[in-house]
Amino acid sequence: MQKFLKKTLLFLFPLVVLSFVLDGVLSSKLKKTTTLFKGEYAVWNDIFEGKIDSDILIIGSSRAWVHFNPTMITEQTGISCYNIGIDGHPFLLQNTRYDILRKYNKKPKTVIVSLESNSFFKRPDLYNSSQFLPYLRTNKDDLKEPLLKFKGFNKYDFVLPLIRYYGNFSVLKEVLLSSSNSTNRVKGFEAHAKKWNSDLLNAKKKYKSLKVKIDTTTLNLFKEFVKKNKAEEIEVILVYSPEYIEGQEFISNRDSIINLYKKISDENKISFIDFSNDSISYKKEYFYNATHLNKKGANLFTQKLIDTLNNK
Amino acid sequence: MLFNSIDFALFLPIVFLLYWFVVNKNVKHQNALIFIVSYVFYGWWDWRFLSLILFSTIVDYTIGLLLSKEENQSKRKLFLWISILVNLGFLGFFKYSNFFIENFVEAFSLFGAQIKPNTLNIILPVGISFYTFQTLSYTIDVYRRKLEPTKDFIVFGSFVSFFPQLVAGPIERATNLLPQFYQIRKFNYSRAVDGLRQILWGLFKKVVIADNAAEYANLYFNNSADYSGSALVLGAIFFTFQIYGDFSGYSDIAIGVSRLFGFDLKRNFAFPYFSRDIAEFWRRWHISLSSWFRDYLYIPLGGSIGGTWMKVRNTFIIFLISGFWHGANWTFVVWGALNAVYFLPLLLLNKNRSNIGTVAENSNLPTFKEFYNIILTFSLTVIAWVFFRAENIEHALSYLSIIFSSSLFTIPVITLKMMLILVLIIFFIAIEWLGRTNEYAIEKLGFSKPRFIRVSFYYMLISMIFLFAGSNQQFIYFQF
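In order, the protein sequence lines correspond to chains A and B. Sequential numbering of the first sequence, starting at 1, is according to the working numbering. Sequential numbering of the second sequence, starting at 313, is according to the working numbering.
No lab work stands behind these hints: they were computed from the structure. Idealized CB from N, CA, C, for every residue including glycine. It is possible that some hints are incorrect.
Said to hold, decoys possible - In silico EDC-like links for lysine to aspartate or glutamate, alpha-carbon gap of 16 Å or less: (1) A:Lys155 <-> B:Asp319; (2) A:Lys7 <-> B:Asp506; (3) B:Lys729 <-> A:Asp199; (4) A:Lys3 <-> B:Asp506; (5) A:Lys230 <-> A:Asp266; (6) A:Lys107 <-> A:Glu235; (7) A:Lys103 <-> A:Glu232; (8) A:Lys284 <-> A:Glu224; (9) A:Lys296 <-> A:Glu285.
Claimed, not checked - Here are a few chain A residues that sit away from chain B, every Cβ distance over 12 Å (derived from the structure): (10) Gln2; (11) Leu147; (12) Asn259.
As the list claims (entries may be wrong) - Partial list, derived from the structure: chain B residues whose beta carbon lies under 10 Å from chain A: (13) Ile326; (14) Val335; (15) Gln495; (16) Phe499; (17) Asp523; (18) Val767; (19) Tyr770; (20) Leu779; (21) Ser783.
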């Protein structure tokens, strides 16, 4: 038995050592490949390294990420701004990102929350989960609890080395082949110079219309978020950025969702700026799909937002 | 608990150390540990169904004892039937009730009677088909007086729930496994190393071959109308390797794990895709199930004693029931029937035992005739697997109709990833071919080479498992 255990441990020893070394090398290389996974590594790196010392923060999903241009805001208002929009995730994970940001970075003066029909929807899967890979072990205290609420990682991924890369050949391939360290995200924002695509047409083919289910836990979390920030004297501004008019009709309970946002804004005496009926929403040329503005649309919208905020 | 999970990777060494260091002095304590950890292993999936196994165990344990004491033949027969009805009753309820309800409703609708189907929301307990057959083998063997019943409930409980093979076999016979629980088990270094080697090979088959092949098998089968005949051939081949890698991989891990604890399980697969005819394929595929049907159904039905008609009838019965055992769907029945049809010419020409030994045993390559026969048998098997994998009969027929259309002669689109998986499958076939005279492919592979070459090969397999692990985690046979 002793011989068996000794030989087994001897066989496993190089694997264990190698797994720690490889974990470190892969994670470090992955963090630098900021073009991968919608460029989220660039934002996460800035958050974890405490590099976001902005007074205005934009939070939201992909609509925040591609709509709000922080450089324009900073240039025109003289106030530093950063966009931490996280693609594909409703408020639950947006809030996680904000909490982590607050832990490592200075307190913002203003938080602009980008709202949409799906903001309080509960997504069960951990979309674009690869964005968390390099941070799981080193930042497990920040990520373990919130990420385990989704279907994606298991508890061992936060503890054991290399396990989370198991079978992740596509990620490993990217790490090995990627040489570019540049990122398309500027202060978290990424402009998409795209033309109108068939997303809306495909969605209409698949569904007649969609009814968004509001998750009570997420809604309550949002209300708490507003109250907490107000208590810390951080100004919260709710913004519903433009949505192409035909896409608005596709969400059957959109009006009640907008009313809910108005109600939250009234109850908490915070601004709610709704661009649903802005002229941008009626022009296809500003969008690449029903819910996302292209570069031209994003810059025009940001300008209109700055003007609105200046006139407040 | 899945064999290819971190939970199991932690569970196994803990149980191993407890078994050999804490309770190693006493075989009863070792059995008690196996009994407990087997229930933990099963309960990890769904603890509610532990009561089902426990109930089956109590029924068959009691009936075993009653059968040994009772001399009156009609009473003995009654006890046997109680065991059969209880076990098959559970199996029938959990696995087949909805199937029968749906078919009953459909049959009535043919005569114009519209009945509202009232199907049940039933979860199929993992492994029920396997442990049901295992416990049945016990009561039947005791009834036949081939086996003395055990008086030790823990031993019997461990036999029924032995965790390495509980959920997907091999289906053990009481005559093979039960006596091993009474033997004093001493740790054997060579057996343990051999066990680890077989576990490694099983993991490679499951995680690298089956799970990757599954990705493309699913793609082609789920969207068969969108693809050409040649692409669907690829899809069927991917499924052929998926099911083999998945099921034989599970069996390898089960046998390897058992060996770590001093138990020898039955071999379940013997390189079936190198078979030269269908009869040989069925002697090499899911051996524990085929031999179960042979001993407990085919032979009692008269086997091959009663002439050609009897042989044909019994063969069809076995294949149809074997198909139905796999699942409550007509596709499995047709899959069984198709194999029976394949078998028929060999049976009629009395050639079903022409290929008994290992192919090309004394040479590196098969003869042209052997190669031709292997390819022919493999092709027939691939066609049969289409029924096994399809959602329903219509799907299988439409899949085959696309294969046998002019689009068969087009060149399918092969992506880089698909190419990589095909290379892995070719590597797998090559290793299987090299090891075809052994119990499992890498049993003695590289034994004539220096040790570091062998160790390097194991490290390479581990690296491949890490790098190329597919995303499909569940074992196919869990649903049977």
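A quick look at each hint next to the structure:
no. : hint                  : verdict
1   : A:Lys155 <-> B:Asp319 : holds, 10 Å
2   : A:Lys7 <-> B:Asp506   : holds, 13 Å
3   : B:Lys729 <-> A:Asp199 : violated, 27 Å
4   : A:Lys3 <-> B:Asp506   : holds, 14 Å
5   : A:Lys230 <-> A:Asp266 : holds, 14 Å
6   : A:Lys107 <-> A:Glu235 : holds, 11 Å
7   : A:Lys103 <-> A:Glu232 : holds, 14 Å
8   : A:Lys284 <-> A:Glu224 : violated, 36 Å
9   : A:Lys296 <-> A:Glu285 : holds, 8 Å
10  : Gln2                  : violated, 10 Å
11  : Leu147                : holds, 16 Å
12  : Asn259                : holds, 38 Å
13  : Ile326                : violated, 14 Å
14  : Val335                : violated, 14 Å
15  : Gln495                : violated, 18 Å
16  : Phe499                : holds, 5 Å
17  : Asp523                : holds, 8 Å
18  : Val767                : holds, 7 Å
19  : Tyr770                : holds, 8 Å
20  : Leu779                : holds, 6 Å
21  : Ser783                : holds, 7 Å
Of the hints listed earlier, those the structure fails to meet are numbers 3, 8, 10, 13, 14, 15, in rising order.
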